[in-house]
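Numbering that gives the first Met the number 0 applies: residue 0 is where the sequence shown begins, and numbers increase by one.
Rather than coming from a laboratory, the hints here were simulated on the basis of the structure.
Glycine included, every Cβ here is placed at the ideal spot set by N, Cα and C.
A portion of the hints provided could be inaccurate.
Below, a list of computed lysine to aspartate or glutamate pairs in the EDC-like style, where the Cα atoms sit at most 16 Å apart [unchecked claim]: (1) K15 / D427; (2) K98 / E213; (3) K194 / D157; (4) K448 / E412; (5) K109 / E92; (6) K197 / E425; (7) K101 / D137; (8) K276 / E213; (9) K141 / E213; (10) K166 / E412; (11) K228 / E213; (12) K101 / E146; (13) K320 / E358; (14) K390 / D427; (15) K390 / E12; (16) K403 / E333; (17) K109 / E158; (18) K390 / E425; (19) K194 / E213; (20) K190 / D137; (21) K377 / E443; (22) K448 / D434; (23) K135 / E147; (24) K98 / E129.
What follows is a list of derived Cβ distance ranges for each label pair [to be verified]: (25) S69 / G132: 42 to 48 Å; (26) T84 / D262: 32 to 38 Å; (27) S208 / T37: 23 to 29 Å; (28) D105 / E146: 54 to 60 Å; (29) G11 / E358: 15 to 21 Å; (30) K109 / E443: 22 to 28 Å; (31) D108 / G11: 27 to 33 Å; (32) R335 / T37: 40 to 46 Å.
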Amino acid sequence: MTFRNCLVYQNGEFVKMDLHVENGIFVDEPSAPFIDATGYYVMPGFVDTHAHIIGTGHKYGYLNLENVRSLEELLETLRQSPEKTIIGRGWSEESLGSKPTKQLLDQIDKPVFLIRRCGHVAIANSALMELIGIWKEDGVFKEKELEEVRKRLPSREDEKFFAIGQKRFLMHGVTFVHSDDLHGLSWANLKDIIKSSKMRLLEKVYFESVSELESFNEFGQLSDRVYVKAVKVFADGSVGARTAWLSVPYADDPENCGMKLLDEEQLERFATLCDEKNVQLCVHAIGDEAVHMVATVFSRHPNHRIIHAQLVKERDLSMLKDSFFSIQPHFAIEDRGLMESALPKDLKALRYPFLLLFERGFKIAFSTDAPVSPEDPKYVIEAALKLGFTKRQAIELYTMAGAKMAGLKNLGEIRTNFLADFCLYERDPLLFDEDPVAVYVAGELVHQK
């Protein structure tokens, strides 16, 4: 396949040339069919290093609460829902003015379960708790409690939600996602869903305990596009849920330093097992105490990954020099209100130090954490530019860096013998105002506008 007379992104600029693809890779010699691509821009596919494809499907398949701006509007939205069991996601107290409560949701005469935008806390009404057989007086479920609720929710339809999520990423030019989907369903079910993925996928398999990882022996490649070569664990929660593990109490919750979801000994065992199984350990860590624990362990185990790293003690950086970072530049902008209201003034930590990490030579790559935030690279890159990254840096951190983080050295650039994951645009994609008109993975057309 040859695209004639297109404008190909290389080394920060567009070069007019013919683009040749054969057997899923870029090649030097022309091959049929010949496609007139005069005036079209060609970019490498974006690589999102931390997101949730099924969760993104939930965002568009369940009730999306992102744009609900008051508790009154929330109640009206719930009353209008035709679902027998209402599952919604995307609310935040910043948008609503205050947190929804079980008492508020009990005004709805059917089961309701509403997950905060961060995905680390949710509210259930009495009818929902009676349905799943779990009761909490306040209806608030946090962190690991959510896993048990997810397992009992009716009408999971995970295959449908994966398809929805995959389509959303592809339409924005994302051809490779490092995803975390093993929540509330079995590995056998997830494997059946992801093995035929159209996009490239690095599945970070989630484990609640070391014993689960010890007995798991299915790492490897499910297909030419699906890699099962990473493990996901949680060191803490989120700032929004007040479960990120801090060294000092929250400003608006003086008895609370967050939640420590595993200890250093457990994390050490996870890292040792991942070394033995030759897979990458990816640890969710947001609060400065959580990052400190991860840094301590990672100083003994190089080339593993920390996800988020929003609050970091300066002295811990030296222990993380051989680690990877999946970061979200947009969180530095989205969370400005939270930084003022929730984070204590005496917290001695670097706050959202993403540009600093890059400038000091740390191995970082961009991600959305969708469905927490939009799955669109344009949204992330625009935030990165506001933080001080250049356009070229942002593109490389959303392509090449993500590929290398997954251990793929022949992806993320349009070069001979590289994997042919790329997108065609009608207008200059560096204007960041349009999605691609066509998306290819391994030289196969997988999405067309």
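How the hints compare with the structure:
1. Between the alpha carbons of K15 and D427 the distance comes to roughly 13 Å, so the proposed pair stays at or under 16 Å and holds.
2. For a cut-off of 16 Å, the pair hint linking K98 to E213 is broken: about 40 Å separates their Cα positions.
3. A distance of roughly 14 Å separates the Cα atoms of K194 and D157; the hinted pair therefore holds under the 16 Å criterion.
4. At most 16 Å may separate the alpha-carbon atoms for a hinted pair to count; K448 and E412 exceed this at roughly 23 Å.
5. About 23 Å separates the Cα atoms of K109 and E92, which puts this hinted pair outside 16 Å; it is violated.
6. Restraint check for K197 and E425: not satisfied, since their Cα atoms lie roughly 23 Å apart, outside the 16 Å limit.
7. With a C-alpha separation of about 6 Å, the suggested pair K101 and D137 falls inside the 16 Å cut-off, and the hint holds.
8. About 9 Å separates the Cα atoms of K276 and E213, which keeps this hinted pair within 16 Å; it holds.
9. For the given pair, K141 sits about 26 Å from E213 by alpha-carbon distance, which is inconsistent with the 16 Å threshold.
10. For the hint pairing K166 with E412, the CA-to-CA distance comes to about 22 Å; that exceeds 16 Å, so the pair is violated.
11. Between K228 and E213 the CA atoms are separated by roughly 15 Å; this keeps the pair inside 16 Å, and the hint holds.
12. Proposed proximity of K101 and E146 is contradicted: the alpha carbons are some 19 Å apart, above 16 Å.
13. Under the criterion of a C-alpha separation no larger than 16 Å, the hint pairing K320 with E358 is consistent with the structure, at around 13 Å.
14. Among the hinted pairs, K390 with D427 is consistent with the structure: their alpha-carbon atoms are about 13 Å apart, no more than 16 Å.
15. The suggested pairing of K390 with E12 holds, with an alpha-carbon distance near 10 Å, which does not exceed 16 Å.
16. The suggested pairing of K403 with E333 is violated, with an alpha-carbon distance near 28 Å, which exceeds 16 Å.
17. Among the hinted pairs, K109 with E158 is inconsistent with the structure: their alpha-carbon atoms are about 25 Å apart, more than 16 Å.
18. Taking the CA atoms of K390 and E425, the gap is near 19 Å; set against the 16 Å cutoff, the hint is violated.
19. Our distance criterion of 16 Å between C-alpha atoms is broken by K194 and E213, whose separation comes to about 23 Å.
20. A threshold of 16 Å between alpha carbons decides the hint, and for K190 with D137 the separation of about 36 Å lies outside it, so the pair is violated.
21. Of the pairs offered as hints, the one joining K377 and E443 is violated, with about 23 Å between alpha carbons and a cut-off of 16 Å exceeded.
22. Pair hint K448 plus D434 holds up; C-alpha atoms about 8 Å apart against a cutoff of 16 Å.
23. Under the criterion of a C-alpha separation no larger than 16 Å, the hint pairing K135 with E147 is consistent with the structure, at around 13 Å.
24. Straight-line distance between C-alpha atoms of K98 and E129 comes to about 22 Å, which puts the hinted pair past the 16 Å bound.
25. Taken as a hint, the range 42 to 48 Å is violated for the pair S69 and G132, whose Cβ atoms sit roughly 32 Å apart.
26. Distance hint for T84 and D262: a CB-CB separation of about 36 Å, consistent with the stated range 32 to 38 Å.
27. Checked against the hint of 23 to 29 Å, the pair S208 and T37 fails, with Cβ atoms roughly 57 Å apart.
28. Between D105 and E146 the C-beta distance comes to about 24 Å, which lies outside the given range of 54 to 60 Å.
29. Hint check: G11 to E358, Cβ distance near 18 Å, so the stated range 15 to 21 Å holds.
30. Range check, K109 to E443: Cβ separation about 43 Å, and the 22 to 28 Å hint is violated.
31. Range check, D108 to G11: about 58 Å between beta-carbon atoms, so the 27 to 33 Å window is missed.
32. The hint said 40 to 46 Å for the Cβ distance between R335 and T37, and at roughly 44 Å that hint holds.
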